[in-house]
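Work the whole structure out from these sequences, hints included.
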Amino acid sequence: GAVVSQHPSRVICKSGTSVKIECRSLDFQATTMFWYRQFPKQSLMLMATSNEGSKATYEQGVEKDKFLINHASLTLSTLTVTSAHPEDSSFYICSARASSYGYTFGSGTRLTVV
Amino acid sequence: AQKITQTQPGMFVQEKEAVTLDCTYDTSDPSYGLFWYKQPSSGEMIFLIYQGSYDQQNATEGRYSLNFQKARKSANLVISASQLGDSAMYFCAMRGVGNEKLTFGTGTRLTIIP
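Protein chains in written order, with our numbering: chain X, 1 to 114; chain S, 1 to 114.
Hints were generated in silico from the structure; no laboratory data involved.
Cβ-to-Cβ under 8 angstroms is the rule here; a few derived chain S residues that face chain X:
1) G43
2) E44
3) M45
4) F47
5) F91
6) E100
7) K101
8) L102
9) F104
10) G105
11) T106
12) G107
Just so it is clear, the structure is predicted and the values come from calculations on it, not from any experiment. Ideal Cβ positions, reconstructed from N, Cα and C, are used throughout, including at glycine.
As structure tokens, this is what we get:
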């Protein structure tokens with residue numbers, strides 16, 4: 001089946017530093033990937049849609065300069081949280097459309113900014 | 001705009017009993033897809049079942065079935081013979097026509113009691 005590999009699964013960083021999260025589609029080509037953020041006990045909120053070879057489309061209220069998305073190949077999309085602050089601490093998860101109706105999710109990254 | 005409503009924040013069900021998780025939706029799209037995902041405490045999103053708006057029959061996948069009532073705009077998930085491993089968060093989601101983005105409900109936390 002379609003697999004999306006997401007790394008790292010957990011990361012702790014100091015306030016002011018940047019963190020990169022990678023999502024790779026292992027056995028299919030993902031022209032589009034989606035990045036979500038999930039606060040504890042809440043739903044998934046779409047942050048941006050990542051398109052291979054073009055600029056990402058950000059949802060309203062998401063700072064594009066803080067959450068940099070790069071989709072340089074058909075199998076890799078990255079989310080970089082720049083100048084991270086404690087309020088950026090959250091669960092970040094990516095997904096890709098793997099079939100006519102199916103979406104495959106990565107395993108998520110739990111970011112803690114101290 | 002699309003909206004998904006899950007009115008049950010939490011449910012407790014005895015093991016081996018059937019459980020119904022409610023989901024209602026609102027959309028003006030003539031064609032759409034409805035999804036259910038399971039999110040255990042580890043965080044990954046596990047695809048359970050899909051229902052297309054033009055599908056004549058309710059979707060079934062093993063112990064999961066989707067009670068799709070188009071006129072009522074509801075897409076309830078039914079889990080038969082619940083197991084302890086079913087304890088998790090369950091999210092209902094929708095995709096509209098010409099739009100790859102998924103809109104998620106707020107989720108229902110299901111706890112199976114031995």
